[in-house]
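Q: Chain by chain, the residues run as shown.
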Amino acid sequence: MGVGIQVERLNAWFGKAQALYDINMNVAANHATAIIGPSGCGKSTFVRCLNRMHETIPEARASGRVRVGDLDVYNGTSAVQIRRRIGMVFQKPNPFPTMSIYDNVAAGLKLNGFRDRRRLDEIVERSLQVAALWDEVKDHLRKQSGASLSGGQQQRLCIARALAVQPQVLLMDEPCSALDPISTGKIEELIFQLKESFTIVIVTHNMQQASRVAEFTGFFLLGKLIEFDKTERIFTTPSDKRTEDYITGRFG
Amino acid sequence: MRSRFHQGLDELRARLLRMGGLAEQAVDRACQAYIDRDLARCQMVLEGETQINIAEREIDEQAFDLLAMQQPMAVDLRFILAVTKINSDLERVGDQAVNIAERVMDLADLPKVDLPVDIPRMAAAAAAMVRRALESFIEGKAELAQAVLEMDNVVDRMKDEAFITLVKTMNERPEVTRQALDALLVARNLERVADHATNIAEDVIFWVRGADVRHNVPQEASSQQEVTDTH
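If you read the sequences in order, they're chains C and D. Residue 629 is where the first sequence ends in the numbering used here, and the numbering goes up by one at each step. Residue 322 is where the second sequence ends in the numbering used here, and the numbering goes up by one at each step.
Do not rely on the hints blindly, as some may be mistaken.
[Unchecked claim] Here are the computed lysine to aspartate or glutamate pairs in the DMTMM-like style, where the Cα-Cα straight-line distance is at most 20 Å: (1) C/K607 <-> D/D303; (2) D/K232 <-> C/E609; (3) C/K618 <-> C/D606; (4) C/K601 <-> C/E573; (5) D/K232 <-> C/D622; (6) C/K618 <-> D/E230; (7) D/K250 <-> D/D200; (8) C/K607 <-> C/D557.
[As the list claims (entries may be wrong)] Reference excerpt, derived from the structure (chain D facing chain C, CB under 10 Å, subset only): (9) F96; (10) A159; (11) Q162; (12) R300; (13) A302; (14) N307.
Don't read these hints as lab results, they were simulated from the structure. Note that the coordinates shown come from a computational prediction; the quantities given were computed from them, not determined experimentally. Glycine included, C-beta positions come from ideal geometry on N, C-alpha and C.
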């Protein structure tokens, strides 16, 4: 099951440049939360702070409190533990190019020393099924490389790879921006189903996508969380003028 | 800036205002025709209805295109929804004007009689409501629209009084029953014009504030509460 995320006074920097200012947000468990905002507003930085990916960039740092379920992300928990709990899917599908489809999905588990062959087969199959890719790849799991799949299939493979380590939260940073409408539709349908088992935070530039898949939406601008509310409210009657100006295309 | 889209919204607004002008003119002409027993004006009302109907379809078509092609959100989405509803109300205002014109034509062969009902005053009040509702739309001001809602009771009261006095007249002076009945129907038509003006004002409030004030059902507090509860 997914868990909630509580973010309190989260600040982030790249060197001396501050990218996030005092972000407070409660992400509801087993719901999808969309993060929207113009380029450079800090939305990707925000999600990368949730699983401590932000600190992998030289001179980048963050302060504040992030709790994922019972884990305190910035206090007494290792980055590896965090990332096992929080899976991430990126804008561009990034399967390991030299690995088969099977090995791509199994990679995270193998890296963690998981060696039970039968159990591994089960997890790979289940992850691919949940990612709605199983039927398309089941006959050439070990022969075909992950990189030989179409863009949409590669993205679902990356989702399966993230799911295989059984996270509670799935972060998606513009997961459909490189995909055609059909593949986008499949991923969105998948997000809808994944909510039953995971908490999802999705960064998107596509406001229609946010309104289709997310129950809650946060609007970021210049590193600040301007408004956070139920998605239907953000897209019909936002309370902040800046949110309204952005989603109606008056700037950004 | 989505300039093409916003240009489309401006065009839609201009079309609706033209439509509003036609509907307002139809009510004015019909009421004047009733007061003067002027059949030529009745004819103008009937001919004007075609223009109103064409305008209604054009506005709906443009609104439909904007919804389908531009996927508007927030204030723009509310604006387009409000326009389609106001459009429908204005068309019905035009229908009420036609109904009044038909009553005038019905009365044409009958002698003019004094009736204890002030149709000109009621017509002025209903027309003022339509005018002010359209002004609130032009200005985008919810306060102006709110003032229209408060005027509705006045016209309702006038209609109720007209009903009581005209029924009494029909009982006491059966020879003027047809004229009294027509006056009663005109009063009802005017009351409906006022109702449509009220609907328009409610739609303006929805557009500007995002609040649904129909039927006096409070909504904003409850939806805020749901957000808090979910976390």
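Q: Against the earlier hints, flag every one the structure doesn't satisfy and list their numbers going up.
A: 2, 4, 7, 8, 10, 14
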